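Could you build all of it, start to finish, from the sequences and the hints given here?
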Amino acid sequence: MKLKLECLPCILRQTIEASRMITDNEAFIKEIVDEYARMIPEINSEDIAPVIVSRMQHIIKSKLNVNDPYRKFKDTNMRHALRIYPEVKKIIESYEDPLLGSLIMSATGNSIDAGVSLDVDIDYIVKNAVENGFAYSNYNIFKEKLKSGSTVLIVADNAGEAVFDMLLIEELMNFEVDIVYAVRDIPVLNDVTVAEAREIGIPQKARLISSGCDTPGCVLARASQEFVNLFFSADIVISKGQGNLEGLSDEKRPIFFLLKAKCNIVASMLGVNVGDLLFKVM
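Take the sequence shown: its position 204, counted from the start at 1, is 978 in the working numbering, and no numbers get skipped.
Each hint should be verified, as a subset may be incorrect.
Below 27 Å or equal to it, Euclidean Cα-Cα: the simulated DSS-like pairs (lysine-lysine) are [what the hints assert, rightly or not]:
| hint | residue 1 | residue 2 |
| --- | --- | --- |
| 1 | K1036 | K863 |
| 2 | K776 | K864 |
| 3 | K1036 | K1054 |
| 4 | K921 | K863 |
| 5 | K1054 | K921 |
| 6 | K901 | K979 |
| 7 | K1054 | K863 |
| 8 | K917 | K804 |
| 9 | K919 | K1054 |
| 10 | K846 | K919 |
| 11 | K1036 | K778 |
| 12 | K864 | K837 |
| 13 | K864 | K921 |
| 14 | K778 | K804 |
| 15 | K846 | K921 |
| 16 | K1026 | K1036 |
| 17 | K864 | K917 |
| 18 | K901 | K1036 |
| 19 | K921 | K979 |
| 20 | K778 | K1026 |
| 21 | K901 | K917 |
| 22 | K1054 | K901 |
| 23 | K1054 | K776 |
| 24 | K804 | K837 |
| 25 | K846 | K835 |
No wet-lab data here; the hints were simulated from the structure. All of these numbers come straight from a predicted model, not from anything done at the bench.
Below, the structure is given as structure tokens:
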């Protein structure tokens, strides 16, 4: 998905927010904003947002001498998501089709997105998801493809969301499939890393790998060969979140995109409204 002009102010907002997580020194923050301003004339219609954001995150880390600007934000959301995990599990069990319920809750976790907002009310988004479910779903196609012995690759997104993904993984295990959960190798925005996935217990549920990407959204050109091979050989690929949609939507294989539409550009592309949950194969 090629970058739109409307993406530029969003990247600026992310840049300022990430910088303020580390310092309140306005002069340092202004230096980082100036770096972004110098970058803008070089951006062209073939660029994609995750790559630009990655460049800015490297600049922030380097200038402010920090490895993970979003560490506290991630810790807070992981703790809260783990606290309500038993409650959400009961919600899923109350569905007539628990697998469908787990997909809805997994998409709900996608609301915990520092790329869009740092103001997250997890309890509210769970309640809203129970009431509204998916605005668009290719669940029937997914169920037809889901067969015992299949390999299901889940391309993970943010750290708090990963807690909700465990519930999806638990339901998928009932189908006796090989589940691979791909995360980030290094911290970028609030995306879940290998260490954080281990911390919340993902290795107990699925095979954990790193995509090798340093971008907030998977970009195959920057991924490891192991991940690329799995991406094209897996029977089913589930891609979580907008960043992965931006990075993978032009790839030549069917992908089930599981996310909340958080901006007008993405919502229009997917044929839904901003704020809608969807599970769409493309």
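### Query
Which hints, by number, does the structure contradict?
Hints 2, 8, 10, 12, 15 contradicted; others consistent.
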